[in-house]
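Enquirer: Residues per chain are reported as follows:
Number of protein chains: 2
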Amino acid sequence: GSYTTSSESSKLLFRQLFEKESSTYTYLLADVAHPEKPALLVDPVDKTVERDLSLIKELGLKLIYAMNTHVHADHVTGTGLIKSRVPGVKSIISKSSNSKADLLVEHGDKIYFGNLFLEVRATPGHTLGCVTYVTGDGSNQPQPRMAFTGDALLIRGCGRTDFQILSLPKDTFLYPAHDYKGFTVSTVGEEMLYNPRLSKDEETFKHIMENLNLPYPKMIDVAVPANMVCGLQDLTGKSAETMSS
Amino acid sequence: GSYTTSSESSKLLFRQLFEKESSTYTYLLADVAHPEKPALLVDPVDKTVERDLSLIKELGLKLIYAMNTHVHADHVTGTGLIKSRVPGVKSIISKSSNSKADLLVEHGDKIYFGNLFLEVRATPGHTLGCVTYVTGDGSNQPQPRMAFTGDALLIRGCGRTDFQILSLPKDTFLYPAHDYKGFTVSTVGEEMLYNPRLSKDEETFKHIMENLNLPYPKMIDVAVPANMVCGLQDLTGKSAETMSS
Ligand SMILES: [Fe+2]
Ligand SMILES: [Fe+2]
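Line by line, the protein sequences give chains A and B.
Taken in order, the first sequence gives residues 59 to 303; the numbers are from our numbering.
Taken in order, the second sequence gives residues 59 to 303; the numbers are from our numbering.
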């Protein structure tokens with residue numbers, strides 16, 4: 059409605075977006091009850107920045123944050139490109155990632171967009187600096203809660219998930235950074251039952267992992283240095299190698 | 059909760075599933091407030107039947123319907139395979155598709171699963187028999203409503219959408235059978251503003267369509283005959299050519 063400007067009201071607009079080549083999900087969240095419709099993107103991909111920005115424009119949103127869950131090894135983040143295209147957008151990554159961004163966040167931090175917010179939870183494993191962003195707890199926050207797990211949990215897959223994700227309510231929706239089988243979402247309850255990492259004992263799991271014979275990630279040599287500076291090195295001409303880690 | 063067996067209560071479980079090769083979305087819906095957790099699949103793909111059935115099993119659902127929005131030209135429906143794997147499942151397609159199925163539905167029909175239901179709306183254009191399945195109107199039905207448009211509306215794309223979709227409330231979620239750009243969902247209000255078919259006048263649109271130079275659909279020669287018998291010809295040895303159309 060049109061009378062939604064009180065400090066308590068909020069309304070989540072949510073979109074899940076897919077980048078086919080790296081099977082990456084980007085998430086758009088906005089508080090459309092707020093007069094400015096502030097929005098953020100989680101894990102944008104360089105190749106789909108145009109699509110994402112044009113959607114944001116069409117929906118009348120004001121992008122304020124471009125966030126990463128971790129330093130990706132399989133695609134180049136869209137953060138740098140977005141910052142160059144939309145003045146005022148702030149990039150966010152975890153302090154423990156040892157990467158460059160406008161805002162470096164830590165476990166327990168809250169990231170507000172309008173009257174909605176995301177909590178930062180440290181979920182190291184896949185990389186040391188991996189964080190999971192979880193929608194807030196409260197009557198004006200989305201129910202069930204939603205967790206953007208990055209690579210810390212893949213659906214039925216082998217992220218090194220810890221209790222930071224599993225301690226969330228069972229109906230919490232889990233949205234990973236990737237899916238290779240066409241799943242879009244899971245829940246805490248479901249993964250506790252069916253994720254091989256969580257439903258198998260340590261020894262069985264180690265055996266599974268050692269026999270996966272995972273290929274060397276396609277884009278790791280390009281993507282990691284680029285993502286350490288949030289995709290900015292191509293734009294500034296500064297080499298990623300000059301960044302301290 | 060455990061006291062949800064009154065005839066009025068309902069709770070939608072909803073999953074969007076993706077088949078990468080044909081960029082097809084399959085939708086799983088179930089009423090998990092109903093003791094039997096009756097479920098249906100919209101537009102299942104033969105290649106992802108195993109994934110879909112194992113998800114249904116894990117979630118403790120009882121699959122009762124495998125439905126198609128139309129005779130697909132780009133992939134083989136999973137309906138036949140599902141029927142052979144899960145006894146009791148009924149296939150559904152529109153009467154006007156001139157295809158074979160256990161239940162042939164028409165505009166205005168309601169398809170119940172538990173206390174939830176889908177309405178059938180005739181949305182011919184892409185094929186004569188195209189229908190859109192829309193969640194019911196009512197206090198115990200999902201809000202906003204959800205429409206499974208098949209190929210009658212693609213996000214920002216050129217389905218020959220008519221007022222059967224556009225007359226739905228503006229916040230109705232639109233879920234297409236395909237997306238090639240990584241979009242997962244749109245709304246009636248959004249498509250009215252930004253779908254080229256709807257936001258451009260007839261002449262401009264005709265010009266766009268005539269200049270698209272669309273490739274001949276990859277799988278049309280295999281998929282159409284197969285889908286006319288809902289994927290059953292491979293299983294029964296009956297040739298699709300013997301079916302009247
Ligand atoms: Fe990743
Ligand atoms: Fe299709």
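Please keep in mind that the hints were generated in silico from the structure rather than gathered at the bench.
Take the hints with a grain of salt, since some may be wrong.
No copy is singled out in the list; a pair is fine if it fits within one copy or between any two copies.
[As the list claims (entries may be wrong)] With a Cα cut of at most 16 Å, we get these calculated EDC-like pairs of lysine to aspartate or glutamate:
1) Lys69 to Asp229
2) Lys120 to Glu177
3) Lys120 to Asp229
4) Lys115 to Asp167
5) Lys239 to Glu79
6) Lys153 to Glu164
7) Lys69 to Asp195
8) Lys239 to Asp104
9) Lys95 to Glu66
Computed from a prediction, not measured in an experiment: that's the story for all the values here.
Enquirer: Measure nothing new, just compare the shortest in-copy and cross-copy C-alpha distances for Lys239 and Glu79 to 16 Å and report within, between, both or neither.
Expert: Cα proximity of Lys239 and Glu79: in one copy and across copies (13 Å, 11 Å).
Enquirer: Within a copy, between copies, both or neither: where do Lys120 and Asp229 come within 16 Å Cα-Cα?
Expert: Classified as neither; 30 Å inside a copy, 20 Å across copies.
Enquirer: Are the CA atoms of Lys153 and Glu164 at most 16 Å apart within a copy, between copies, both, or neither?
Expert: This pair counts as within: shortest intra-copy Cα distance 6 Å, inter-copy 58 Å.
Enquirer: Is it within, between, both, or neither for Lys115 and Asp167, if the alpha carbons may be no more than 16 Å apart?
Expert: neither (28 Å within a copy, 38 Å between copies)
Enquirer: Which holds for Lys120 with Glu177 at a C-alpha limit of 16 Å: within a copy, between copies, both or neither?
Expert: Neither way: Lys120 and Glu177 sit 20 Å apart in one copy and 36 Å across, limit 16 Å.
Enquirer: First find the shortest C-alpha distance between Lys239 and Asp104 inside one copy, then the shortest across copies, and answer within, between, both or neither for a cut-off of 16 Å.
Expert: between (22 Å within a copy, 14 Å between copies)
Enquirer: What label fits Lys69 with Asp195 when the C-alpha limit is 16 Å: within, between, both, or neither?
Expert: within (14 Å within a copy, 22 Å between copies)
Enquirer: First find the shortest C-alpha distance between Lys69 and Asp229 inside one copy, then the shortest across copies, and answer within, between, both or neither for a cut-off of 16 Å.
Expert: between (20 Å within a copy, 13 Å between copies)
Enquirer: Within, between, both or neither: how does the pair Lys95, Glu66 come out at a Cα-Cα threshold of 16 Å?
Expert: This pair counts as within: shortest intra-copy Cα distance 15 Å, inter-copy 36 Å.
Checked against the numbered hints given earlier, the structure breaks hints 2, 3 and 4 and satisfies all the rest.
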